[in-house]
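2 protein chains.
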Amino acid sequence: MTISVECFLLDPQHSGTLQSRIRQMVAEGILAGRLRPGERMPSSRRLAEHLGVSRITVTLAYADLVADDYLRARGRSGYFVSDSAPQPGDFPQPGARGTDVVDWARALGHRPASGQLNMGKPRNWREFRYPFVYGQADPELFDHANWRGCMIQALGQRDFARMTDDQFEQDDPGLLEYIARHTLPRRGILARGDEILVTLGAQNALWLTAQLLLNQRRNAGIEEPGYPGLRDILNQTRCKVTGIPVGPRGLEPDALPEGMDVLFCTPSHHCPTGATMPLEARHALLVVANARGLLVIEDDYEFEISHDRAPLPALKSLDREGRVIHIGSFSKSMFPGLRLGFLVGPAEFIREARALRATVLRHPPGLLQRAAAHFLSLGHYDAMLRRLTRAFAARRAVMLAAVRAEGLTIAGAAGDGGSSLWMRTPDGVSATELSQALRADSVLIEPGGPFFGESLGNDRCYRIAYSSITQDRIAEGIARIARRTRAMTPQGQRTSRAG
Amino acid sequence: MTISVECFLLDPQHSGTLQSRIRQMVAEGILAGRLRPGERMPSSRRLAEHLGVSRITVTLAYADLVADDYLRARGRSGYFVSDSAPQPGDFPQPGARGTDVVDWARALGHRPASGQLNMGKPRNWREFRYPFVYGQADPELFDHANWRGCMIQALGQRDFARMTDDQFEQDDPGLLEYIARHTLPRRGILARGDEILVTLGAQNALWLTAQLLLNQRRNAGIEEPGYPGLRDILNQTRCKVTGIPVGPRGLEPDALPEGMDVLFCTPSHHCPTGATMPLEARHALLVVANARGLLVIEDDYEFEISHDRAPLPALKSLDREGRVIHIGSFSKSMFPGLRLGFLVGPAEFIREARALRATVLRHPPGLLQRAAAHFLSLGHYDAMLRRLTRAFAARRAVMLAAVRAEGLTIAGAAGDGGSSLWMRTPDGVSATELSQALRADSVLIEPGGPFFGESLGNDRCYRIAYSSITQDRIAEGIARIARRTRAMTPQGQRTSRAG
Chain W
1 MTISVECFLL DPQHSGTLQS RIRQMVAEGI LAGRLRPGER MPSSRRLAEH LGVSRITVTL
61 AYADLVADDY LRARGRSGYF VSDSAPQPGD FPQPGARGTD VVDWARALGH RPASGQLNMG
121 KPRNWREFRY PFVYGQADPE LFDHANWRGC MIQALGQRDF ARMTDDQFEQ DDPGLLEYIA
181 RHTLPRRGIL ARGDEILVTL GAQNALWLTA QLLLNQRRNA GIEEPGYPGL RDILNQTRCK
241 VTGIPVGPRG LEPDALPEGM DVLFCTPSHH CPTGATMPLE ARHALLVVAN ARGLLVIEDD
301 YEFEISHDRA PLPALKSLDR EGRVIHIGSF SKSMFPGLRL GFLVGPAEFI REARALRATV
361 LRHPPGLLQR AAAHFLSLGH YDAMLRRLTR AFAARRAVML AAVRAEGLTI AGAAGDGGSS
421 LWMRTPDGVS ATELSQALRA DSVLIEPGGP FFGESLGNDR CYRIAYSSIT QDRIAEGIAR
481 IARRTRAMTP QGQRTSRAG
Chain X
1 MTISVECFLL DPQHSGTLQS RIRQMVAEGI LAGRLRPGER MPSSRRLAEH LGVSRITVTL
61 AYADLVADDY LRARGRSGYF VSDSAPQPGD FPQPGARGTD VVDWARALGH RPASGQLNMG
121 KPRNWREFRY PFVYGQADPE LFDHANWRGC MIQALGQRDF ARMTDDQFEQ DDPGLLEYIA
181 RHTLPRRGIL ARGDEILVTL GAQNALWLTA QLLLNQRRNA GIEEPGYPGL RDILNQTRCK
241 VTGIPVGPRG LEPDALPEGM DVLFCTPSHH CPTGATMPLE ARHALLVVAN ARGLLVIEDD
301 YEFEISHDRA PLPALKSLDR EGRVIHIGSF SKSMFPGLRL GFLVGPAEFI REARALRATV
361 LRHPPGLLQR AAAHFLSLGH YDAMLRRLTR AFAARRAVML AAVRAEGLTI AGAAGDGGSS
421 LWMRTPDGVS ATELSQALRA DSVLIEPGGP FFGESLGNDR CYRIAYSSIT QDRIAEGIAR
481 IARRTRAMTP QGQRTSRAG
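Chains as they are written, first to last, in UniProt numbering: chain W, 1 to 499; chain X, 1 to 499.
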């Protein structure tokens, strides 16, 4: 490959002769790793033309660089970066181009990174033999062939405008229609087109909602434990946040404190315990919400992964006062990298959410909306969900049997579907330490600390998901967790239990 | 198609017999447009099983619905929605399921929609014969075949993890490398991987930057006229905004008022006038910024569409103090629906921007990042840019000749490339009214009002882009603009000019 001549720009602030400036420019490029051993330099004629200097100046600079082994001449083929040229670091390093004098600690008005907790899923999780990781796609279950087909269809001439246009004001009509006619009716929800907004995944839907409804004078209620990403979202609005303890039947309407403006909840499957809120509790929650003028944000988390029974009607379907906002996602069961979710609420609310979305990111990419619409309307999504649900149910059964055989303790719901189990360590065993120790055994689990408010410092829970581990590895993986757990359990407790 | 049984949920709050509730459920579905003429109902056995009622109850309800012509029985094939069933509206209507009692005017803590100006590009712009619309892809110039090929490559098994994984903490390595080694060096910029963040288009990069650097105690400077989307972004931070008039050579460093914390600018091509900031002015701007501790946000708008000369080095490449943050985009020249841009700045700033991005949307879809990386690294992007630049230069020449022949007035820069011209109407002619009148002539232009602060109320400018109109239609389109303009010019002025 010849390096494009456009990659060369003379630094107008460097002093020195033209020849030395060209030399410096090339050497800096090599030292910064932008020009790599074996790559071909532009011809002296091309570079001279591009820089507006005489050809002899470039030739002399090249000769200089050859003398210092930055470049090597190969007869008529021209000049190449020398294989023995000085080595840069692994990634392009900025040259010594001045010092950063800005005080970023002062310049940054907001510091979201400092508040965020690392969820501790290593990038190389696929290299672990027993990855009980949550929220990644399983290549065995994903319908790759049909997704590819639908993408190719969406890439066709017919869909050109939907793919390329800037269309912040309107989502893909096919996707909207599918959501309105197929997805929502299964949740008992009726909605018009102007009551639905396509978002960049459920995360984006939660964020838009929080931004619109909260500020520093308002109070939000969240589940405790609960989705850590939601805490980050709420911290950004500077609202007051109250954690509401969640029991084996999900959120208890009786436990709701007074004075909240907005409540965030996951009735279908509580995140992370997996508990499902019973129908009576849903009605009771709405009675409380109506009486207190509370808005309820329903994250319809994992409703589609229900093993033993049909999902209960969504809270939104029971809402008679228009105070429930419903959030759904295709990313979770298709694949997280898709980033497609949706928001359902009153038209007035959706109009504001659309305007906010336009300011932040204009719109979710049209190509993905279109391809998802094809995948959904051709029935591939439903077929994949059925396969996925069956596989998850089988994996769950194996996991429950192994967990019981090994004497591990389930802290959350055991019978309500979903894609993970919520576990508790014995007294004296830190879930964080357990998780770290297990990496040496090629086992990945997720410590539960981030699901609790920082103040609580609970380090006794962990999550083990069965969405990305094959069925035949589950028993051995659980056995390894149990072995490490026993090894870490304080002596007295272990003996008393054995006795 | 048989309607899925899962679409049917009995409303637990409806009173009446089971039979009447089933009847109501089906009728409501038809009236709401969810069940459509010709669609097949689930068999009475399936529906009874699903609802947990006796089969005879469903059969009786179906008979009732047939009697009222909601359904039609077709012998052994079962029941279908009748072709003469009552018609719903065009879009699913929510049933009479209660009243919205929430006072949304009070409930909404923020109302972004009310501040936004409609940019007035009709959805059906492709149906206009003379679409001088800005910022849409031209199917004649877009390299559809290679984009399709790169997408198909990104859809392969090898890239499965990059497509499906949730990877908010790291962008596509191939895309990052291309940006670091090819895109930025052409702008004279050296950056490491931790100094670059992939964003959901330039809009998202601007938004992230504004959120991090501004709050209600800080002052932002913007170009006047300038990109209307930026005003929406800044309004959200509640910072103080100062408009800085832009001349024929872009932003004038001497005109910068004291007391600003952050300056947003478009040195490559000013939006919307097309002016390019000369090199000396760039240096002068940095001298002012260094002296005052000002941060500068460089939106490298349309740098790649330069007709007559190589682009000038980016402001960021001249920055010695680390106070310039650089924003680029692939969406503008590839296609707006792609939504891929990038942010370049000090690692400390980028870390915070990444955390904020994760909260708002997690990450730009991996599939699009990967496909773009292929398209870029295979050289298709550069080839397309060359073709696009040639075509735009030719269209621009035709446009300039027509504009001069018709005596229309150019308000912005005429010679600096870009994809549009910034025009001025004669005294007494409203650009808004001109734009509306021209729709009857199948001509679309963009009134310039939204580019000015609301207070100014300037209605004398408009933008005509040549990125989506074919070359052979430009002259006639301009002639129609001139004709309408003359017809709308007040009598006295027209006569005096003719005289």
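If you're looking for bench data, these hints aren't it; they were derived computationally from the structure.
Certain hints may be false.
[Claimed, not checked] Non-contacting residues of chain X with respect to chain W, defined by C-beta distances greater than 10 angstroms in every case (computed):
no. : residue
1   : 6
2   : 19
3   : 144
4   : 163
5   : 174
6   : 288
7   : 382
8   : 424
[Said to hold, decoys possible] What the simulated footprint calls covered on chain W by chain X, stretch by stretch (three residues with Cβ under 8 angstroms from a Cβ of chain X suffice, anywhere in the stretch; the number is not a length):
no. : region
9   : 136-146
10  : 202-212
11  : 339-350
12  : 441-447
13  : 465-476
As the structure is a prediction and not an experimental result, all values here were calculated from the model.
Even glycine gets a Cβ: it sits at the ideal position worked out from N, Cα and C.
The hints, checked one at a time:
no.: 1; hint: 6; in the structure: 5 angstroms, violated
no.: 2; hint: 19; in the structure: 20 angstroms, holds
no.: 3; hint: 144; in the structure: 7 angstroms, violated
no.: 4; hint: 163; in the structure: 5 angstroms, violated
no.: 5; hint: 174; in the structure: 13 angstroms, holds
no.: 6; hint: 288; in the structure: 15 angstroms, holds
no.: 7; hint: 382; in the structure: 7 angstroms, violated
no.: 8; hint: 424; in the structure: 26 angstroms, holds
no.: 9; hint: 136-146; in the structure: holds (count 5)
no.: 10; hint: 202-212; in the structure: holds (count 5)
no.: 11; hint: 339-350; in the structure: holds (count 4)
no.: 12; hint: 441-447; in the structure: violated (count 0)
no.: 13; hint: 465-476; in the structure: violated (count 0)
When each numbered hint is compared with the structure, violations occur for hints 1, 3, 4, 7, 12 and 13.
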